[in-house]
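2 protein chains.
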Amino acid sequence: MNKKILLNKRPHGKPTRNDFKISSEEVPIPNDNEVLLKTLYVSVDPYLRGRMNEAKSYVPPFELNKPLQSGIIAEVMESKQADFKKGDFVSGNLEWKEYQTSNGKGLHKVTQNEAKLSSYLGVLGMTGLTAYLGLTEIGLPKKGETLVVSGAGGAVGTVVGQVGKLLGCTVIGLTGSDEKVDLLTATFNFDHAINYKTTPNLKEAIKSTCPNGVDIYFDNVGGEISDAVVANINKYARLPVCGAISLYNETEVPVGPRLQPIILTKSATMRGFIISDFAEKFPAATKQLSAWLKENKLTSSETIVEGFDNIPQAFIDLFEGKNKGKMIVKI
Amino acid sequence: MNKKILLNKRPHGKPTRNDFKISSEEVPIPNDNEVLLKTLYVSVDPYLRGRMNEAKSYVPPFELNKPLQSGIIAEVMESKQADFKKGDFVSGNLEWKEYQTSNGKGLHKVTQNEAKLSSYLGVLGMTGLTAYLGLTEIGLPKKGETLVVSGAGGAVGTVVGQVGKLLGCTVIGLTGSDEKVDLLTATFNFDHAINYKTTPNLKEAIKSTCPNGVDIYFDNVGGEISDAVVANINKYARLPVCGAISLYNETEVPVGPRLQPIILTKSATMRGFIISDFAEKFPAATKQLSAWLKENKLTSSETIVEGFDNIPQAFIDLFEGKNKGKMIVKI
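Just so you know, the protein sequences line up as chains A and B, in that order.
Residue numbering for the first sequence follows this note's numbering, beginning at 1 and increasing consecutively.
Residue numbering for the second sequence follows this note's numbering, beginning at 1 and increasing consecutively.
Next comes chain A alone, as it looks inside the complex:
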């Protein structure tokens, strides 16, 4: 049998196990020009929460009673497709199924020689590209500038901070546990990290940690954490908006201090993006990230959860910050 995970109902607020349903079907038989894929690693990402709502977000919403999808590394078990052969490893946006067929569209071959397979979901995958291109194309870092990253202990945040350091910035990370604070400074080369949950006045803490102000704020979270950073931005600050994990589960329209006055007086630029906006830059970015990884200038961090049935829980745990770096489910 071939297990699959369907969207059982649209989450209201924080997602729960009951929003997902595990079901099964026959292992499919590939047609001509198709491959049969066996799922090895599944990426769970905060942005998937948006696709679980009915409203259109970046991409069309997931359908009820249909399998969910995300970044997956799979092995080719059988091939009737000229571009792939049995034993190849591929990455792609695939369904949450143990086995599935594909016509090969959107699949990319990955090799175990270059890096471990799971890293193609992390630092060498969408995560790394999101961090690198969001920072370089919107953040426009200059040597000596101050970069603040929220969600710093997450998949994108750990890469943003390291790339910021490689490009000569002073890097401050905001994260939700003392354990992650230690990890950021000890393993990921951040200059400072702040536990926003235990810091009584975050705005003042950022002010004292960033004596020259904040030139770039790479925002993964939105909400009150971002308010505290925005209050400390410098003239001509750049604010890439990569995610808003603190707001994804809100059931009412979230309100907060209006941004226009500070955006105006600081001549600041706030720009949202989805990684496909920069598709033509993927090859150069991947080349740079691979080079840094080989030179051990970039540390990949993963939280690996085991077992197909645990995909929904791994996704739910993202909103509790249970991951350090990239959350991946190994099948």
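To be clear, the hints were calculated from the coordinates, so they are not data collected in a lab.
Worth double-checking, as some hints may not be accurate.
A pair holds if it fits inside one copy or across any two, identical chains being indistinguishable in the list.
[Stated by the list, open to error] When the alpha-carbon atoms are kept at most 35 Å apart in a straight line, the in silico DSBU-like pairs for lysine-lysine are as follows:
| id | residue 1 | residue 2 |
| --- | --- | --- |
| 1 | Lys-14 | Lys-38 |
| 2 | Lys-9 | Lys-165 |
| 3 | Lys-203 | Lys-80 |
| 4 | Lys-143 | Lys-281 |
| 5 | Lys-203 | Lys-116 |
| 6 | Lys-203 | Lys-235 |
| 7 | Lys-266 | Lys-165 |
| 8 | Lys-235 | Lys-287 |
| 9 | Lys-165 | Lys-203 |
| 10 | Lys-207 | Lys-266 |
With chain A fixed as given, assemble chain B onto it according to the hints.
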């Protein structure tokens, strides 16, 4: 005697006449390398409100019991300065005094041949540059796109709309009276104008007036009017933040719907500016605006108030929207 207007106290909320004090002094005598200037036209602008607060805004705050300053057109009455002669007209950021001396720094000669003198405070001055450069450098208009302008009946708004039309956009103006709605469509070539004060659901009204969504939102006001526009932006929208007149008199931190979710899902860019950010573009922009004015492709609009003593009231009236186009005090 030589009258002057001082900042009597810092306004709390909406400015009142009592925040200003009219005083007088001797007409000054120019030293070597100075000119004596007689004030002819005084520009009053919403951004001056920010300088009346103690907190630093774009520029240092005005000092209590010192003369206020703004854009002024003056006549040279006496010159001990090689660059200027008696009878020259100049524009500059000058003090609210009937007569003052200057060493010539920051003064620009203007001529009555090219356009009427007051237009150097409006369409050929900072107002026109703000409109043109904010729109072209941040709004990045493309032919066929939809441009929404708030504060559309004001000094900057009337120029933004006209420039948007000249560059091939469909232009919708938001303004606060039916009279100004008529003015925008009849005189300033806007495709549509909406009276936000009498429209029960502004968000829906914008949606139906902009069937293709909003590509550019030129924001002069901030606040709830902007919320209604932002809810209708397209993917890759650009939002130049030029002013936030609805928020300048707030005594508490204004709150509203958080912007990050829509900035993120629309890959939108919100960027604040002050016109000096684009100083190196002034000559080319002025050339373009002058050409359009000569070709009658651009209509200059001014509300002229007469009398030196009326400068404070003209400034206060900006916040009631009593001006159509540029508010100018003629001395």
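Against the structure, the hints come out as follows:
| no. | hint | verdict |
| --- | --- | --- |
| 1 | Lys-14 - Lys-38 | within (30 Å within a copy, 67 Å between copies) |
| 2 | Lys-9 - Lys-165 | neither (42 Å within a copy, 47 Å between copies) |
| 3 | Lys-203 - Lys-80 | neither (58 Å within a copy, 53 Å between copies) |
| 4 | Lys-143 - Lys-281 | both (22 Å within a copy, 27 Å between copies) |
| 5 | Lys-203 - Lys-116 | neither (40 Å within a copy, 50 Å between copies) |
| 6 | Lys-203 - Lys-235 | both (17 Å within a copy, 32 Å between copies) |
| 7 | Lys-266 - Lys-165 | both (24 Å within a copy, 29 Å between copies) |
| 8 | Lys-235 - Lys-287 | both (33 Å within a copy, 29 Å between copies) |
| 9 | Lys-165 - Lys-203 | within (23 Å within a copy, 43 Å between copies) |
| 10 | Lys-207 - Lys-266 | both (16 Å within a copy, 30 Å between copies) |
In summary, the numbered hints that this structure violates are 2, 3, 5.
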